[in-house]
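Take a look at the letters that make up each chain.
2 protein chains.
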Amino acid sequence: MIPAEIIQHKRDGKALTADELRFFIRGYTDGTLPDYQMSALLMAIFFKGMDLREISVLTELMLTSGESMDFSHLNAYVADKHSTGGVGDKVSIILGPLLAAAGLAIPMISGRGLGHTGGTLDKLETIPGFRTGLSLDEFRQAVETIGIAMIGQTADICPADKKIYALRDVTGTVQSIPLICGSIMSKKIAEGIQGLVLDIKTGNGAFMKTAEQARELADHLVRIGQDFGVKTDPVFTSMNQPLGRFAGLWCEMLESFDCLCGYGPADTMEVTYTLGSKLLFQAGLAADEAEAIELQQKLITDGSAYAKFREMIHNQAGDVTILDDPTTLHQPACRQDFTAPVSGYIQAMNTYRIGLATVSLGCGRLKINDSVDPTAGMEFLRKIGDEVSEGQVLIHCFNSDSGKLQEALSLLPGAITIGPEPASHQLILK
Amino acid sequence: MIPAEIIQHKRDGKALTADELRFFIRGYTDGTLPDYQMSALLMAIFFKGMDLREISVLTELMLTSGESMDFSHLNAYVADKHSTGGVGDKVSIILGPLLAAAGLAIPMISGRGLGHTGGTLDKLETIPGFRTGLSLDEFRQAVETIGIAMIGQTADICPADKKIYALRDVTGTVQSIPLICGSIMSKKIAEGIQGLVLDIKTGNGAFMKTAEQARELADHLVRIGQDFGVKTDPVFTSMNQPLGRFAGLWCEMLESFDCLCGYGPADTMEVTYTLGSKLLFQAGLAADEAEAIELQQKLITDGSAYAKFREMIHNQAGDVTILDDPTTLHQPACRQDFTAPVSGYIQAMNTYRIGLATVSLGCGRLKINDSVDPTAGMEFLRKIGDEVSEGQVLIHCFNSDSGKLQEALSLLPGAITIGPEPASHQLILK
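Chains as they are written, first to last, in my numbering: chain A, 574 to 1003; chain B, 574 to 1003.
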């Protein structure tokens, strides 16, 4: 096979055969095909897409490039949750322990902050001692013994995806539905799960800007899940404003503790319960959403979700004593408020700009090797629909680098639209 | 500047700024930008195109990546001809000496066979001793002293184009009008010419399949020529059948000798005269096409075109004595005829297939390091519109490798359409 001809087939809108895809993905992974041919193919896929058969083959090739977990011997429903990413989205940290407390097994592999969005791993790593880099054996053992582990991607799982993702990141080919689909699903399927719930975010702070794109991505993910025997349910949620009270690192952990103890903000809990209900229903532990929400509320109220969270932290070498007085840790050295320039109702929040401002504060990375500031974050005191007066504090910003704080604040003017009309925000989309 | 962001700009259909293009082209040429980012950008350009300003900047960057010639001190109109490539197209070999005999200075840099088409350099190199690899100094001196030199691309001229072209060749990004335009024009402008005539070929044996694509390419080339002060005239000719009596290597040289001595086939001469007329008119040596054709015919009849050709061969170390008995050289060891399967009129010739068959014979290359067979070629005894009887010889095939001869013949059935209706072929298109 001639690589340039395979590239031309995709360039000209043809579906690639399984043989062509295998030749290209295997060749690239083992180093016999050069980066420059893979990046040309990725850009052609960006423009011409892939049909479901091609995505399924791509997923299989990524999956079989590495190891897969097998939890079929467990007497538990094995499941995971994936979010397409947003600002203030700490739901994995809450939902994982909550579902493990319900008896599900949760082998969760998460990512770091990407672009303007935060990353579960970066947040978890603010817990002193917490290890996100377990070996596959440690990961397996954690899931088998306590029902949950939350780790980062390892070299053993989907190395083809890892290599291709790194190339996509530097060649403008991240935003391609078939490539996103193959990348997400290969890693999830490798976890050995039976069920998956997807938080598909849309809006001005999401990677998918329109409901149509989100719907297309969800359709593809669900059908690839079916192909590989993973029951997959999508939930569509809005990223037209940050989720919850905080966006940042340690501050999001504090919000997560609150959520697990029954004091979480309504929006964070609504997304958590909606996603959790899908998996509890899949697992046969609830007959409908109302029953599933009731079960989740009970597990929070009786302390078992929070106890499971402490158990997981301890099991991954995290310092659980810090949870007894969490507000003493990671105190920001610098603080500044962003206030309302006029009076009125908040009409809209430019969540992408706000996300970029959190990255400027030190919550995320522009380059892969940038370091993060665990003290950094924002507290959102007012959101869409709230009535505000001129000079009232809208966002409380904090970190430990005054230069970066100013840089972040310089991004905020104009990011919040205030007008005379009342406004509303729909969180869960149908 | 962040390379991935520049790629994304083009991917999203934006015009790149001069700074962005400079950053990318210079960075790639000096090795600071990796080929995988360049190939992603090239594929994005393939899909999203470039406006004339971008193409002009691209051309300038390629041009200034290397040396340029300057013939402004010569008391002659300095000009060249470019063809977009075809089967049996030996016009450069005839037109160069013919125009030099008319007093023009012709610094011609040509290419090798590409895909299914033949290459001027491969044909010239069948002359024993002939050097196509002159240094820039030798090239300059040849043009100054005898008015013509025909060489291959050197490392000094447009190295950025050379590096980018090699990448395009292996990443499915050759067929992009802005990239073709930048590549052609940078090299031609580097020759230090005042005038350029373009043979834009269309039809089933051309790279541009439709009149619309050909027109677009021509428009772009002419306007880039204008930007750089090179008077550029396009001529549109058909590649719906091979040009002339022969397609191959030494056999095309023999046809070229015939043309320069006044015995050329009508179609080859028509294209030669049409192209030549444009440059003679530009140079002020003819008032109109009729006068220009008369001048060219005179230069052939009086032997001065042929004499200039001998002078050029001698000047580039070729063995001129071979011209006195040219049919003794490069005699093919194998010959076989392709005959008409039915009686009727030739309706169409699949010139792309015929071109591929000449490559199979040994006239061109599939890979850059393939060697060519100087004895290889085809003689076309009948063309579109000719009446033929079943079993009559249509194409005479020859080379010095019987296996390759069979391979070439296997491509020919179906390549010539014969039907009951008379048919015609328009060579020069308006």
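Keep in mind that a hint or two might mislead.
Taking lysine-lysine and the DSSO-like style, the derived pairs with C-alpha atoms no more than 27 angstroms apart in a straight line are [as the list claims (entries may be wrong)]:
hint	chain 1	residue 1	chain 2	residue 2
1	B	977	A	736
2	B	735	B	804
3	B	1003	A	621
4	B	804	A	621
5	B	804	A	587
6	B	587	A	782
7	A	587	B	587
8	B	782	A	587
9	A	871	A	621
10	B	621	A	782
11	A	587	A	735
12	A	621	B	871
Honestly, the hints are just simulated from the structure, not real lab data.
Do the hints match the structure? See the list:
Taking the CA atoms of residue 977/B and residue 736/A, the gap is about 42 angstroms. The hint is violated against a cut of 27 angstroms. With a C-alpha separation of about 24 angstroms, the suggested pair residue 735/B and residue 804/B falls inside the 27 angstroms cut-off, and the hint holds. At roughly 35 angstroms between alpha-carbon atoms, residue 1003/B and residue 621/A are farther apart than 27 angstroms, so this suggested pair is violated. At most 27 angstroms may separate the alpha-carbon atoms for a hinted pair to count; residue 804/B and residue 621/A exceed this at roughly 39 angstroms.
For a cut-off of 27 angstroms, the pair hint linking residue 804/B to residue 587/A is broken: about 41 angstroms separates their Cα positions. Distance check on the hinted pair: residue 587/B and residue 782/A sit about 19 angstroms apart at the alpha-carbon level, within 27 angstroms; holds. Annotation: proposed proximity of residue 587/A to residue 587/B holds, straight-line Cα distance about 26 angstroms (limit 27 angstroms). With a C-alpha separation of about 19 angstroms, the suggested pairing of residue 782/B with residue 587/A holds against the 27 angstroms cut-off.
For the hint pairing residue 871/A with residue 621/A, the CA-to-CA distance comes to about 49 angstroms; that exceeds 27 angstroms, so the pair is violated. With a CA separation close to 21 angstroms, the supplied pair residue 621/B and residue 782/A stays within the 27 angstroms bound. At most 27 angstroms may separate the alpha-carbon atoms for a hinted pair to count; residue 587/A and residue 735/A meet this at roughly 26 angstroms. Taking the CA atoms of residue 621/A and residue 871/B, the gap is near 56 angstroms; set against the 27 angstroms cutoff, the hint is violated.
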